[in-house]
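If you want the building blocks of each chain, they are given just below.
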Amino acid sequence: MSKNLPKTGIVSWLTTVDHKRIGILYALGSLFFLIVGGIEALMMRTQLAVPNNSFVTGDLYNGLVTMHGTTMIFLVVMPLSAAFFNYLIPLMIGAPDVAFPRLNALSFWTWLFGALLLNTSFLVQQIPAVGWFAYANLTSKQFNPTHSVDFWIL
Amino acid sequence: MRCKGMTLLKMPLFVWATLVTQVLLILSLPVITVALVMISFDRTFGTGFFNPGAGGQVVMWQHLFWIFGHPEVYILILPAMGIVSEILATFAKKPLFGYTVMVYSSCAIGFLGFAVWAHHMFTTGLGPWATALFSAATMLIAVPTGVKIFNWISTLWGGQIRFTTASLYAISFVAMFTLGGLSGIMHSSPVIDTQHQASYFVVAHFHYVLYGGAVMGLFGGIFYWYPKVTGRLMNETMGKLQFWLYMIGFNLTFFPMHFLGLDGMPRRIYTYAGDQNWNFWNFLATMGAYMTAVGGALFFINMFSSLKFGQKASDDPWDGRTLEWSIPSPPPEYNFAKLPEVSHLDDWWHKKYTHDGKRLAPPKQPIVDLSSIHMPNQSFWPILLALGITGIATGFVVPANGVIIALVGVAMTVTSTYGWAYEEP
Amino acid sequence: MSEAAHAHHTTTGVENRKFAMWVLIASECFLFGTLIANYLVNKGRSISGPTPQQIYEIDITTLSTFDLLMSSVAMVLALHYCKEKDLRKFQFWTFMVVLGGVIFLGFQYHEFSTFVLKNGLGLSTNIFGSSFYLLTGCHGAHVTVGVLWMTSILLTSLIKGQEWFNSEIVEVAGLYWHFVDVVWIIIFTVVYLFVYV
Chain F
1 MSKNLPKTGI VSWLTTVDHK RIGILYALGS LFFLIVGGIE ALMMRTQLAV PNNSFVTGDL
61 YNGLVTMHGT TMIFLVVMPL SAAFFNYLIP LMIGAPDVAF PRLNALSFWT WLFGALLLNT
121 SFLVQQIPAV GWFAYANLTS KQFNPTHSVD FWIL
Chain P
1 MRCKGMTLLK MPLFVWATLV TQVLLILSLP VITVALVMIS FDRTFGTGFF NPGAGGQVVM
61 WQHLFWIFGH PEVYILILPA MGIVSEILAT FAKKPLFGYT VMVYSSCAIG FLGFAVWAHH
121 MFTTGLGPWA TALFSAATML IAVPTGVKIF NWISTLWGGQ IRFTTASLYA ISFVAMFTLG
181 GLSGIMHSSP VIDTQHQASY FVVAHFHYVL YGGAVMGLFG GIFYWYPKVT GRLMNETMGK
241 LQFWLYMIGF NLTFFPMHFL GLDGMPRRIY TYAGDQNWNF WNFLATMGAY MTAVGGALFF
301 INMFSSLKFG QKASDDPWDG RTLEWSIPSP PPEYNFAKLP EVSHLDDWWH KKYTHDGKRL
361 APPKQPIVDL SSIHMPNQSF WPILLALGIT GIATGFVVPA NGVIIALVGV AMTVTSTYGW
421 AYEEP
Chain R
1 MSEAAHAHHT TTGVENRKFA MWVLIASECF LFGTLIANYL VNKGRSISGP TPQQIYEIDI
61 TTLSTFDLLM SSVAMVLALH YCKEKDLRKF QFWTFMVVLG GVIFLGFQYH EFSTFVLKNG
121 LGLSTNIFGS SFYLLTGCHG AHVTVGVLWM TSILLTSLIK GQEWFNSEIV EVAGLYWHFV
181 DVVWIIIFTV VYLFVYV
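Residue numbers (our numbering), protein chains in the order written: chain F, 1 to 154; chain P, 1 to 425; chain R, 1 to 197.
Hints were generated in silico from the structure; no laboratory data involved.
Cβ atoms here follow ideal geometry from the backbone N, Cα and C, with glycine treated the same way.
Among the hints, erroneous ones may be present.
To be verified - Chain P side only, calculated, beta carbon under 7 Å to chain F, not exhaustive:
hint : residue
1    : P79
2    : A411
3    : T413
4    : T417
5    : A421
Said to hold, decoys possible - Dumping the calculated DSSO-like pairs for lysine-lysine here, alpha-carbon to alpha-carbon at most 30 Å:
hint : chain 1 : residue 1 : chain 2 : residue 2
6    : R       : K83       : P       : K338
7    : R       : K118      : R       : K18
8    : P       : K312      : P       : K352
9    : P       : K94       : P       : K308
10   : P       : K352      : P       : K338
11   : R       : K18       : P       : K10
Unchecked claim - Partial list, derived from the structure: chain P residues whose beta carbon lies under 8 Å from chain R:
hint : residue
12   : T33
13   : M38
14   : G46
15   : A54
16   : G56
17   : V59
18   : W61
19   : L64
20   : A175
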């Protein structure tokens, strides 16, 4: 079935197993969340600029703290690192691709959907407000498959 | 899948950093998975793992979280360390100083990273022995980190340094990470840590490590490898402007936080009274944050405009040292028309220069019949499987009809797994 | 095909998929390690009964442990005949592996239902129960995955017959199966036998 998929256009990016393309997807995804996390940070700093400010409420501020931490760590720095791993490792060790190209693709998509799921909490007004080390929706589902990111090292 | 001659100690340092990162990921993620499953059970099914009323312990969550959380910190910083090592060596035109020691110190950091988790928990009352041990382990982990910093400085020492945006970022990484590391060693003393716990001093510390460290390193990496990925160079003027906005803005934001922390300002508060002498530093920090934001906006403008208007890049624009610079930019789908053979660390450099630094004739791209190269087929199973897993997860959070969504997710997951398994790769 | 030939050569001396399985097993060690540690911490902290001493049926659990061990033996034989290219015997022993797994799951179902119905130990009754179900339930889920995997191998082999002798896949599946088995031996010792110490 998959033999005749197009080599260019949107479908080719959705079905790609090329480590370079997956690296680029990771980079774009994480840079998008960099903007999200950055806006969260700016909102917090604006609130703190002067004493007794009322730019955001206490609850929203708690949510911002949590989401800023989670976003920056799991949705920006880790996947941006993953972008570099994906793009560069095969090039640096002289290999045509990673050991498990399809697993690599699965990793990216699971990460992206998990990240989007986490951020839908903003839309439904139930922002997790417990610090980055506490409970952030179903992060477990986000993580579990991300293991697979790692198998390509060979 | 390493090519011929690429023995472990000839791999670029970035590859080593990645390897250690992956080991940390593989071993630390299951712990957080269990912890997250436990807390989901507590919330969904009424179990009492973290509920003292049912015999559980709140501190258990802290232990489980930090057993994952501390390796996670190294997961974040090690890739940036690897990137910086590559950039510094290239732009100093010298091999990385103490390569073998760098490899071993990466491994040491990875190993010790599992033995320091409780230094986040000195104030929870672990008892004197545990506190002393974790304190010592934390001081110990400063040693390989310090080794790395000295090696980076020695790499730059006496080199012909070219100040491009990428190398500026890499150099600032070393400086900022050292500052963050120093305040980190302060925290390894439980006495000081108890004073600083949950104050803005800690916020300053980890932003110096993660922002001044990891993010600066990653930005350096973007500027360094952008021409390889896109075939065009990023605008250097804009890049340098962004760098200085970042550098000054970042220090304006986070350096005052040291003072605020020592002055007793707690973290995670959303407002404060005006008579505590915190006003000036807080205002300064906010201005710094805006400056950084301008820098960030500039970066995105630069990134997208360079895609179209950037100067065309050669295959090897920085006179690089590692294999990725030996192939066209952007690389073809199959990467290497002919898999390379390697005989040195920094092999590409040795193909370009003799031992006393004379330039050799540039090696030619090999000519190969491209139709003979077999690459893996594209596949839509990965994205479907990912959708299925997300469906299951959504089922847990959505209040109404959650079961149905989860069941659809399960069906998709199972179908895609079988589709995957029986597909020709 | 030169590239494809290269793709199969690896530098660790281990086939890629097998290496991936070892990596997964390393990861799973930490997973079960955490679960077992959690159980040991929590088993004595329950506020109310039932306690482990009151409910474990050691004779039945011994039987199910024996059953799982025998399925591991069947796995070894299945792999052996797969390498020998003896189709009938390979299919028979693969079937025995599946059967062993299913019987084990049956035992577990019996155990869980007795605990819940007769002893009144639900998932959230006390913290011993929660930790116990989390640990053994997680192991049971792993056995289920193993059973599904071996069933797929059996079906593929029945459909494709002689031309399908993929000993690499069988070997990787075998690694997984043995690992799950070893985990059970640890659970059996730590969870069921330590009650008597």
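Results of checking the hints against the structure:
1. P79: holds, 4 Å
2. A411: violated, 16 Å
3. T413: This hint is violated: T413(P) lies away from chain F, its Cβ roughly 10 Å from the closest one there, beyond 7 Å.
4. T417: violated, 10 Å
5. A421: This interface hint is violated because 10 Å lies over the 7 Å limit.
6. K83(R) - K338(P): violated, 35 Å
7. K118(R) - K18(R): At roughly 44 Å apart (the allowed maximum being 30 Å), K18(R) and K118(R) break the hint.
8. K312(P) - K352(P): Distance ~22 Å between K312(P) and K352(P) Cα, so the pair holds.
9. K94(P) - K308(P): Distance ~33 Å between K94(P) and K308(P) Cα, so the pair is violated.
10. K352(P) - K338(P): The given pair, whose Cα atoms are some 18 Å apart, holds under the 30 Å limit.
11. K18(R) - K10(P): holds, 25 Å
12. T33: Holds, about 7 Å.
13. M38: holds, 7 Å
14. G46: The hint holds - G46(P) has a Cβ within 8 Å of chain R, the shortest such distance being about 4 Å.
15. A54: holds, 6 Å
16. G56: G56(P) check passes; min Cβ-Cβ to chain R is 5 Å, inside 8 Å.
17. V59: violated, 11 Å
18. W61: Violated - the Cβ of W61(P) stays beyond 8 Å from chain R, reaching only about 11 Å at its closest.
19. L64: holds, 7 Å
20. A175: violated, 36 Å
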